[in-house]
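> What follows is each chain in one-letter form.
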Amino acid sequence: VFVVSDQRLGAVVAFSGLDADGAFGVLRPPPAIGGMHNPAGLALAEEGTVVVADRDNGRVLVLFTASLTWVELGSGSLNRPTGVAVLPDGRVAVADSRRVLALGLDGSVEELVAMAQGFVPVGVAEAGGRLYRRGHTG
Amino acid sequence: VLVTDLANARVLGVDATGSATVLLESKHGIVMPVAAAIHA
Numbered sequence: 001v002f003v004v005s006d007q008r009l010g011a012v013v014a015f016s017g018l019d020a021d022g023a024f025g026v027l028r029p030p031p032a033i034g035g036m037h038n039p040a041g042l043a044l045a046e047e048g049t050v051v052v053a054d055r056d057n058g059r060v061l062v063l064f065t066a067s068l069t070w071v072e073l074g075s076g077s078l079n080r081p082t083g084v085a086v087l088p089d090g091r092v093a094v095a096d097s098r099r100v101l102a103l104g105l106d107g108s109v110e111e112l113v114a115m116a117q118g119f120v121p122v123g124v125a126e127a128g129g130r131l132y133r134r135g136h137t138g
Numbered sequence: 139v140l141v142t143d144l145a146n147a148r149v150l151g152v153d154a155t156g157s158a159t160v161l162l163e164s165k166h167g168i169v170m171p172v173a174a175a176i177h178a
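Going down the list, the sequences are from chains A and B. Take the first sequence: its position 50, counting from 1, is numbered 50 in the working numbering, and each next residue is one higher. Quick note, the working numbering runs 138 ahead of the 1-based positions in the second sequence.
The hints are simulated quantities; they were obtained by calculation from the structure and are not laboratory data. Remember, predicted model here, so these are calculated numbers, not experimental data. Warning: the hint list may mix true and false statements.
Covered by chain B, per the in silico footprint, the following chain A stretches (three or more residues, Cβ under 8 angstroms) [what the hints assert, rightly or not]:
(1) 8-15
(2) 38-48
(3) 88-96
One-sided excerpt, in silico: chain B residues whose CB lies under 7 angstroms from chain A [as the list claims (entries may be wrong)]:
(4) L150
(5) A154
(6) H166
(7) A174
(8) H177
Ideal placement from N, C-alpha and C gives every residue a C-beta, glycine not left out.
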C-alpha cells in the first residue's frame with residue numbers, strides 16, 4: 001500500500017499493490033475535521049496509519065485506517081507544515097516554516113530544531129532513530 | 139521508489155534497475171500529486 005497527497009483534490013489517494021492492477025481510494029477527513037487545504041508531505045506508519053501535512057490549514061492530520069478515525073494535531077502551533085515523519089516513539093516530526101517540531105497524539109509539542117534565520121526545512125524523514133530534514137539555508 | 143510526476147499528473151514506481159511503471163494517473167482521479175509515501 002502507498003499513499004499520495006493531491007493538492008488539487010485536497011485529499012490523500014491510497015493505492016494497494018505495487019503494480020498497475022492495484023485498487024485505489026480517495027481519503028478525505030469528515031466534516032467535523034474539515035477539508036484539507038493544499039496537503040503536502042505525508043508518511044505511512046505502522047498498521048496503515050496515514051500522516052499528512054495539511055499545509056494551508058496549519059495542521060497535521062492522522063488517519064487510523066483500521067478505525068477510519070481522523071485526529072488533528074498541531075492546530076495553533078503550526079504555521080505552514082510541509083513535511084512529516086513518524087518517529088520511533090510514535091510522535092510526528094513536522095517541518096514547519098523555519099523549524100522542526102515533534103507532535104504527540106496527546107497534544108504535546110516539542111521543538112526539535114529551533115527556528116533560525118535562513119533555515120527553511122520542507123521535508124523530514126526518520127531513519128532508524130535519526131531524523132533527517134530536507135531544506136536549504138542561505 | 140515512488141515518484142510523483144506533477145507535470146503529467148501521475149505516480150510512478152521505479153525499481154532498482156530503473157524500470158518505471160505507472161501506478162496512478164489522471165484516470166484514477168489524481169490531479170496534482172505532490173508527495174507519496176510507502177511503508178517499507
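> Hints first: check each against the structure and report whether it holds.
Hints and how they fare:
no., hint, result
1, 8-15, "holds (count 4)"
2, 38-48, "holds (count 9)"
3, 88-96, "violated (count 0)"
4, L150, "11 angstroms, violated"
5, A154, "13 angstroms, violated"
6, H166, "5 angstroms, holds"
7, A174, "5 angstroms, holds"
8, H177, "4 angstroms, holds"
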